[in-house]
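Student: Protein chains in written order, with the numbering used here: chain E, 15 to 253; chain A, 15 to 253.
It is worth saying that the hints were derived from the structure and are not from the lab.
There's no promise every hint is true.
As the list claims (entries may be wrong) - EDC-like cross-link-like pairs, simulated, lysine to aspartate or glutamate; straight-line CA separation at most 16 Å:
1) 74/E with 176/E
2) 63/A with 94/A
3) 63/A with 107/A
4) 23/E with 176/E
5) 155/E with 131/A
6) 155/A with 131/E
Claimed, not checked - Over 12 Å on every C-beta distance to chain A, these chain E residues come out as not near it, computed from the model:
7) 20
8) 68
9) 121
10) 152
11) 172
12) 249
C-beta: ideal position from N, C-alpha, C; glycine also.
Protein chains: 2
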Amino acid sequence: MQNPHSDIKALTFDVFGTVVDWYSSIVAEGKKFGNTHSIDIDWTQFALKWRAGYGPAMDKVRRGELPWQNIDALHRRILDALLETFEITGLSETEKDYLNRVWHRLKPWPDAVGGLERLRKRYIVATLSNGNIALLTNMAKFTGLPWDCILSAELTGHYKPDPQVYQTAADLLGLSPNEVMMVAAHPGDLRAAQAVGYQTALVPRPLEYGPDNIRSVTPHASDLVANDFNKLADLLRIT
Amino acid sequence: MQNPHSDIKALTFDVFGTVVDWYSSIVAEGKKFGNTHSIDIDWTQFALKWRAGYGPAMDKVRRGELPWQNIDALHRRILDALLETFEITGLSETEKDYLNRVWHRLKPWPDAVGGLERLRKRYIVATLSNGNIALLTNMAKFTGLPWDCILSAELTGHYKPDPQVYQTAADLLGLSPNEVMMVAAHPGDLRAAQAVGYQTALVPRPLEYGPDNIRSVTPHASDLVANDFNKLADLLRIT
């Protein structure tokens, strides 16, 4: 039987939750920021609410209720509302901007850098995130994520899971969609990629929302399933 | 006096001629291809004519005489005409495509990889080339060029030296133009970047057109001038 993965030339990765651990990164930075700024709040709730605002904010852009804007701008809209909710006052513009850019400083899951190093021996490895190019570039630089190419929904004027994002990414890589494998922790992302013709790999990240909110996901029959990027490299038989 | 370069956050690089030596790469691959396909032509002339077709082809796109198409497609148009000029017949589509993709396999100048490794210790280093994303990504992967980010005219629907290319690149990096330094062997590229607000560094590559066609260039007063990427790192005081 022919290896169904033999056509793959590139792997494209969802980033928030799949490659980096936004929850613990934001909680850790929040606590530190709180200590230096005398802000005493529950940073786990702050992190969860910030992330919870992300989908609805993109939906507003998708429905045309907000003009196109990148994720830095959407994160800032959500942050400004959260500062009111948590009654955090007195921050300067510089401090708010610093806090907003915590999304540029998210830490990779422990397997991510080493797993990507293995996967990129055979494949082009690229981001395919709703995060903007600057965010993804800064994140890669400061955490050592070894991308061959930074691709983003920002390049298309659409957000995942809109099909334009996946189609444009394949076009920019000079590949047909079935030569690309989408790697994500979120089935919705994979289903949308698959509808455009991508192959798919599910890498569940049960701790994405923190240890008190374990998430389980159900793979589709056609997905590769691997518990981390090293297991994915094993499945693809990369030493 | 304040260091005029202290604001720089990112260096963007012209690629063909500045980072990679298209002339000797194409001549070497051409000779090899000629040997295995019994094609006896002057590959130095073939390389020079292929490159000479590049500006006029982009001009046709710029004037609307050709619909938007990426550099792979423009290189192929020029190649098809050259095959007629040089009376090369009988190549399969696969062979023509392989030959066209020599532009994905161009070799870096000897200082390029090491110089970029030094420069990226402090700055984001990105391509800003008329080459398409797939070409630049493949080239980086197979030659070890350590880009933080692959940016291309392809993302803008314009070709350098149109101002949109430089402005969009700064926007995607989340920077103002004066936080970006364009690095190129070609004064026209630097002047166009400077008109948008970039800082500029000229790295002359006198051998770009081969040892029989030494080119000299005249720097603008405001340019940094360095003979290679290591000298540029020295000027920027990066160890």
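Student: Out of the numbered hints, which ones does the structure contradict?
Tutor: Violated hints: 3, 4, 10; rest satisfied.
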